[in-house]
Amino acid sequence: MTYLAKPRLFRPDTPKNALGYTRRDYEGAISTLCAGCGHDSISAAVVQACFDLDIEPHRVAKLSGIGCSSKTPDYFLGNSHGFNTTHGRMPSVLTGAALANRGLLYLGVSGDGDSASIGIGQFAHAMRRGVNMTYLVENNGVYGLTKGQFSATADKGSKNKRGLVNNDAPIDLVTLALQLGASYVARGFSGDKTQLVPLIKGAMRHLGPALIDVISPCVTFNNHPGSTRSYDYVREHNETINRLDVILPKDRITVSYAPGELRRIVQHDGSVLCLRKLHADYDPSDRVGAMNYLQERHALGEIVTGLIYVDAGAQDLHHYLNTVETPLNALGVAELCPGAKTLEAINESLRHG
Amino acid sequence: MRVTETAGTAYYHRVVDCQWACPAHTPVPEYIRLIAGGQYTEAYLINWRSNVFPGILGRVCDRPCEPACRRGRIDREPVAICRLKRVAADMREDFAPLLPHPPARKNGKRVACIGAGPASLTVARDLALQGYEVGVFDDGKAPGGMMRTQIPKFRLPDGVIDEECGHVLGLGVELHLGHEVKSLGAMLDDPRWDAIFVGTGAPRGRNADLPGRKEAAAHIHLGIEWLARVAFGHTEKAAKRVIVLGGGNTAMDCGRSARRLGSADVKIVVRSGFEEMKASPWEKEEAQRERIPILNYHVPQEFVHKNGALKGVRFQIVRAEYDEAGRRSLVPTGEPDVFLECDEVLVAIGQENAFPWIEKDIGIEFGRRGLPVLDPATFQSSLPKVFFGGDAAFGPKNIITAVAHGHEAAISIDLFCRGRPLDVRPPHGFTLVSQKMGIHEWRYDNQVSEEGRKQVPTKALEKTLKDIKLELELGFDPLMACSEAERCLNCDVQTVFAAKACIECDACADICPTECITFTTDGEEEDLRGRLKAPARNTAEPLLVAGPLKTGRIMVKDENICLHCGMCAERCPTGAWDMQKFHLETAQAGKEAPRI
Chain W
1 MTYLAKPRLF RPDTPKNALG YTRRDYEGAI STLCAGCGHD SISAAVVQAC
51 FDLDIEPHRV AKLSGIGCSS KTPDYFLGNS HGFNTTHGRM PSVLTGAALA
101 NRGLLYLGVS GDGDSASIGI GQFAHAMRRG VNMTYLVENN GVYGLTKGQF
151 SATADKGSKN KRGLVNNDAP IDLVTLALQL GASYVARGFS GDKTQLVPLI
201 KGAMRHLGPA LIDVISPCVT FNNHPGSTRS YDYVREHNET INRLDVILPK
251 DRITVSYAPG ELRRIVQHDG SVLCLRKLHA DYDPSDRVGA MNYLQERHAL
301 GEIVTGLIYV DAGAQDLHHY LNTVETPLNA LGVAELCPGA KTLEAINESL
351 RHG
Chain B
1 MRVTETAGTA YYHRVVDCQW ACPAHTPVPE YIRLIAGGQY TEAYLINWRS
51 NVFPGILGRV CDRPCEPACR RGRIDREPVA ICRLKRVAAD MREDFAPLLP
101 HPPARKNGKR VACIGAGPAS LTVARDLALQ GYEVGVFDDG KAPGGMMRTQ
151 IPKFRLPDGV IDEECGHVLG LGVELHLGHE VKSLGAMLDD PRWDAIFVGT
201 GAPRGRNADL PGRKEAAAHI HLGIEWLARV AFGHTEKAAK RVIVLGGGNT
251 AMDCGRSARR LGSADVKIVV RSGFEEMKAS PWEKEEAQRE RIPILNYHVP
301 QEFVHKNGAL KGVRFQIVRA EYDEAGRRSL VPTGEPDVFL ECDEVLVAIG
351 QENAFPWIEK DIGIEFGRRG LPVLDPATFQ SSLPKVFFGG DAAFGPKNII
401 TAVAHGHEAA ISIDLFCRGR PLDVRPPHGF TLVSQKMGIH EWRYDNQVSE
451 EGRKQVPTKA LEKTLKDIKL ELELGFDPLM ACSEAERCLN CDVQTVFAAK
501 ACIECDACAD ICPTECITFT TDGEEEDLRG RLKAPARNTA EPLLVAGPLK
551 TGRIMVKDEN ICLHCGMCAE RCPTGAWDMQ KFHLETAQAG KEAPRI
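Heads up: the protein sequence lines correspond to chains W and B, in order. Per this note's numbering, the very first residue in the first sequence carries number 1; after that it's consecutive. Per this note's numbering, the very first residue in the second sequence carries number 1; after that it's consecutive.
It cannot be assumed that every hint is accurate.
Cross-link-like lysine-lysine pairs, in silico, DSS-like; alpha carbons within 30 Å at most [claimed, not checked]: (1) W:147 to B:500; (2) W:159 to B:500; (3) B:533 to W:6; (4) W:6 to B:581; (5) B:240 to B:182; (6) W:6 to B:454; (7) W:16 to W:6; (8) W:159 to B:550; (9) B:385 to B:106; (10) B:267 to B:581; (11) B:311 to B:466; (12) W:161 to B:550; (13) B:454 to W:161; (14) B:459 to B:267; (15) B:459 to B:469; (16) B:311 to W:277; (17) B:459 to B:240; (18) B:500 to B:466; (19) W:6 to B:500; (20) B:533 to W:71; (21) W:147 to B:550; (22) B:436 to W:147; (23) W:161 to B:109; (24) W:250 to B:385; (25) B:533 to W:277; (26) W:71 to W:6; (27) W:6 to B:436; (28) B:141 to B:466; (29) W:71 to B:240; (30) W:156 to B:550.
Think of the hints as simulated: they come from the structure by calculation, not from any bench.
Can you build the whole structure from these sequences, using the hints too?
This is the structure in structure tokens:
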């Protein structure tokens, strides 16, 4: 960490996006996390993704729970809406916000403790309900704020900083998300932004629940030889299944690969996910295949990263509930409270059902 | 790309842009930090060691450091380095007790310096401190050379010259004023001198040989001669309407002096375009501020007179054309000639070297433009015991270049007198010291100032235009000096990277305010420069390349835009980055050269 704010001095050729913003305009307050924390890299990746996608900062709502990870929304998108909820309760608060105002982009930021322990029920229901959100888990395998106890995602057999071995089986949020109906599931690594930034971009342009599990080494408590979440371990055991490029409808597609190598998936909003395959037989539209593949690789001690599953035709909670197109917060009193007569009519219609 | 070699002085010296640009390699950031901390005497001493005349240079230096200043590339304007130097001179306390003393026992060698300008006095100082007996000969009435005769007093008061020349002479240097050396041959025959240094400058003003020049000679003066007469009070009035020919700093000084000597209408007229004029931008601004118009693309054709009484100057109007090689030629536009009325003309179109006192047959070869043939590194002439420096060596430059020549010539003379080879030069010394004191504590102020450049306060123009001896600038006060000093980016506090300790967590690349750090795959320099997080388009500035790292990638840092804020080092979990202060101790006479 550092105490100083970044100086507002720019290099003369600082790039600007279509809105005229620089990358620095998407930053937040200076981080108070430990020096070298993987979470800071994820913050930088979010900044880059929002810059690249020409997102207006005031169209984003970032919500989080409690933990090192959940502090990070303070460190990016300083001009966006934010809500720091109670521990593990980010998904339900976000669901409420998303129902009230469907006009915003929802970014849920959570950690392995916040989502796999205290908030696992909330996590599960947000996924299965199909809330239109990007759910970012900054997963370091330990409770960093309370001095490095194993979290629920720590691998069985891995060691903590003092040499104690973890005997509990790990929860894999990616597998859970696949099982619970998430329509965009990916895993990234904070130490590889070329992979992570497009994964975030794809998720932010996806309709439906998008989970990105980001392995984020805790440099203070979980970056030692016995750890399976250290920079070295993750780099050695990283099994990257594909490389993603996200192409917006306004952009010309210039990616060129040999036939069969590239797969194009068009999302709801016209954005194109260009997937460069690194494994010939991996099909990211096959949910069952994806789950099997994850289990096989996990048994070999490998960590699968990349876009694991995507259903470009998925729908979201608003569709299932058949809500109005206009965000609820933009409706007037007359529309929201149509009066006793209308209620009577609705009740009447239900009696004859 | 090759991993950057940072051992020794070459790389770290190169990236301290101001110090690299300074011919005398003054440790600029170091003395600026001292000024910010109110340690003016220490700041002055650092300057004194490097450039001998801090008070003079703090007023009239050509400031090659300022266009090089990194602040100018990342902010609107560079740090006001020159005027901060003046602060050190203005506010220092008595530093006589801190000055080095010449050894009590002399080494028995004697050196004569001809001319008492900046180059000669630098040689004299460096050698006197090593136990040499030095004699300085000058035909003038006071030491200082062109600093005294050509620079107007409203820019550089005599008191400053007296004081700083006095520091050199106080080291036991013998000064012979009013002593014109008429024959180098005679000096060579004098067994007293083991070596002779020629620092006689470029004393001859170039003439404008145009029709009417002879007839109207009483009203047409060579700029530097006129300035010298003004300096010594022999000329006290200028004509009502004055035209200055020329576009260098001397022309600006002529114009501004004429303005102060009662001329109501002064024009500076120059052949070239305004942008290509030789004068420093700030000198042009000063002239314009004093309501002296600068007319460009005017080529003088004729001094128009009536029976020797000057009426004015006729000019041809030209425009600049550039050929494929970028060479400029001035082509007449075809417009009718312009006639400008005036009563007096000052010709400041350049200076030339002249050595009428050096006999042709004593073994000193002369080459182009009447300049001596010298070894460019040692300043030795074709006669081994004679050395040249300053404007006398390679033609007119500036004071700080003359000082730099003086240092090198002194080293050569020292080696020569000790019978050592001149081409094996003593190496620069340096220190590289970590500035870390705690997790967020550094021995330098790493918070980058966002203040703009401070303007030096001046006396009221009406007042200074009436008195040519009244110094125009007041200099910074302590608060302004501190604020300006804080703008320095501390480029000498180097970002030292230890590739072995790096775990590639990206923390440094993420926090860097100017995005100058990139972790990427290796490649050739040109390709690499193009694909950095912030493409490094200024190829004049080097890249710091380290690696290969654990993933096989390399770390590339573009020195061009680094703010030296130390955020990379504060965010680094493994101490792979450290901020270390690089201090260059330039070699001076007396330093041992390696033995081969």
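Item to complete: Measure nothing beyond the straight line between the CA atoms of residue 16 of chain W and residue 6 of chain W; if it is 30 Å or shorter, mark the hint as holding.
Response: Judged against 30 Å, a Cα distance of about 18 Å means the pair holds.
Worksheet entry | Given hint residue 550 of chain B paired with residue 147 of chain W - CA-CA distance at most 30 Å | holds (28 Å)
Item to complete: Assess, step by step, whether the Cα of residue 6 of chain W is no farther than 30 Å from the Cα of residue 454 of chain B, and give holds or violated.
Response: With a Cα-Cα distance of about 23 Å, the restraint between residue 6 of chain W and residue 454 of chain B holds, given a limit of 30 Å.
Worksheet item: Is the Cα-Cα distance between residue 459 of chain B and residue 267 of chain B 30 Å or less?
Response: holds (23 Å)
Practice prompt. With a cut-off of 30 Å on the C-alpha distance, tell me whether residue 533 of chain B and residue 6 of chain W pass.
Written response: Holds, at about 17 Å.
Worksheet item: Between residue 141 of chain B and residue 466 of chain B, does the CA-CA distance stay at or below 30 Å?
Response: holds (26 Å)
Item to complete: Take a quick look at whether residue 250 of chain W and residue 385 of chain B sit within 30 Å of each other, Cα to Cα.
Response: violated (75 Å)
Fill in: Satisfaction of hint between residue 240 of chain B and residue 71 of chain W, Cα-Cα up to 30 Å
violated (75 Å)
Worksheet item: Given the hinted pair residue 267 of chain B and residue 581 of chain B, is their alpha-carbon gap at most 30 Å?
Response: violated (49 Å)
Discussion item. Can you confirm whether the C-alpha distance between residue 6 of chain W and residue 581 of chain B stays at or below 30 Å?
Written reply: holds (22 Å)
Item to complete: Sort out whether residue 182 of chain B lies within 30 Å of residue 240 of chain B, counting only the CA atoms.
Response: violated (39 Å)
Discussion item. For a C-alpha distance cap of 30 Å, please report whether residue 161 of chain W and residue 550 of chain B respect it.
Written reply: Holds: residue 161 of chain W and residue 550 of chain B sit about 22 Å apart, inside 30 Å.
Violation of the numbered hints given earlier is confined to hints 5, 10, 13, 16, 18, 23, 24, 29; the remaining hints are satisfied by the structure.
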